[in-house]
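Construct the complete structure from the given sequences, taking the supplied hints into account.
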Amino acid sequence: MKKVKLLFLCPILIIGLGSFGLLFDYNKHMKYQSEKKQFSKVQIKTLIEDSNLNIRAIEVIDSVGVIYLTSNGELGVYYRQDLNIPKDLLDDFPVSLKYDSIIPNFRALSVNKNSGFGISIGSPALLYKLDVDIEKNRVVYKEDHPKAFYDSMEFWNAQEGIAIGDPTDDCMSVIITRNAGKHWEKLSCDDLPKAKEGEAAFAASDTNIAIIGDKTWVATGGKASRILFSPDKGNTWDVYETPIVQGIETTGMYSIDFYDEMNGFAIGGDYTKPADSSANKIRTTDGGKTWQLVAQNQSPGYRSCVQYVPNGKGKELVAIGFNGIDYSNDSGNTWSHLSDEGFYTIRFLNDTVAYAAGKGRLSKLTFTE
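According to this note's numbering, the sequence shown is numbered sequentially starting from 1.
Read the hints as simulated data drawn from the structure, not as lab findings.
Values in this document were obtained by computation on a predicted structure and should not be read as measured data.
Check the hints yourself; a few may be wrong.
[Unchecked claim] Cut-off 20 Å, straight-line C-alpha distance, at most; resulting in silico cross-link-like pairs (EDC-like, lysine to aspartate or glutamate):
1. Lys186 / Asp133
2. Lys98 / Asp62
3. Lys289 / Asp214
4. Lys215 / Glu143
5. Lys194 / Glu249
6. Lys186 / Glu160
7. Lys364 / Asp50
8. Lys233 / Glu197
9. Lys113 / Asp62
10. Lys45 / Asp62
11. Lys129 / Asp92
12. Lys87 / Glu160
13. Lys142 / Asp100
14. Lys194 / Glu160
15. Lys196 / Glu241
See below:
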């Protein structure tokens with residue numbers, strides 16, 4: 001594989017740094033001070049379009065742009081336009097990653113202070129440490145099990161991170177690093193709540209995990225859809241029931257987000273019945289211990305991703321899925337349908353601009369009154 005000359009090696013931005021995270025310290029709830037008003041429109045600008053693209057894993061880096069992983073084993077970067085990147089650097093992406101003859105199907109991506117990490121679905125599960133020197137991309141965790149299927153990952157800080165997946169035994173699969181991603185260890189089912197029959201998770205948008213400080217919420221789905229909660233970065237765990245639709249393999253929570261330690265929101269439904277809006281949106285105001293159904297039998301129906309709008313005081317939410325984009329400014333009680341354009345996942349840059357990805361494209365979304 002050729003050695004790629006990446007922007008991150010350019011002295012204009014940085015000198016002598018060889019990994020993603022030393023360029024930035026990413027916080028998905030970055031606060032931008034501005035007066036908030038109700039969104040009524042969204043402008044969608046397609047940044048990358050390719051019928052072979054299938055993107056469910058993205059991270060927004062303010063100083064660089066957007067990094068993404070695809071279901072075809074590709075690592076891509078969309079650079080901010082004001083950086084005036086030379087064409088030869090732009091042509092280097094996307095880069096194909098392969099493990100022996102295996103093309104990893106990536107559904108999850110996360111960034112700590114030092115590096116990027118991506119994990120694939122299926123067996124063997126492959127967790128890559130992503131380096132700006134493409135030849136240094138390497139697998140730091142591998143799991144051979146016929147039921148291996150990892151859905152989402154996040155970092156608490158520069159040293160500690162978590163990825164979750166479907167059960168291979170009688171609990172959800174949880175792997176944790178405490179040394180900046182060099183080594184990952186799978187938690188024993190003795191230390192986790194027992195999974196219910198048919199309980200798993202969805203690799204739909206890389207948003208099954210929400211982290212605020214040391215606290216962690218994991219959304220499961222399927223025949224049972226519950227919240228696994230850790231107050232201490234994965235050392236101890238509790239489990240809470242939810243009223244979201246569940247009972248068959250395609251139902252439950254597909255996405256969860258928390259604005260602060262008390263206020264959280266989850267969305268999902270049944271992707272085989274995307275118009276069904278019964279019991280597919282839930283909210284908590286007590287840190288996830290109890291959840292209430294909201295907007296019962298009101299649009300939106302099935303959505304694969306929900307995110308709080310930064311600086312929105314916990315009231316503004318955007319939900320997306322293959323059936324469109326919806327917005328709420330009253331904590332999810334009512335929703336406005338902004339677009340029929342379909343996406344799988346979304347991340348905010350600030351309180352009016354976000355990036356969304358899905359089948360065939362990566363786009364910039366600008367929300368306005």
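Check: When the hints from earlier in the document are held up against this structure, which numbers fail?
Finding: 1, 2, 4, 8, 12 and 14
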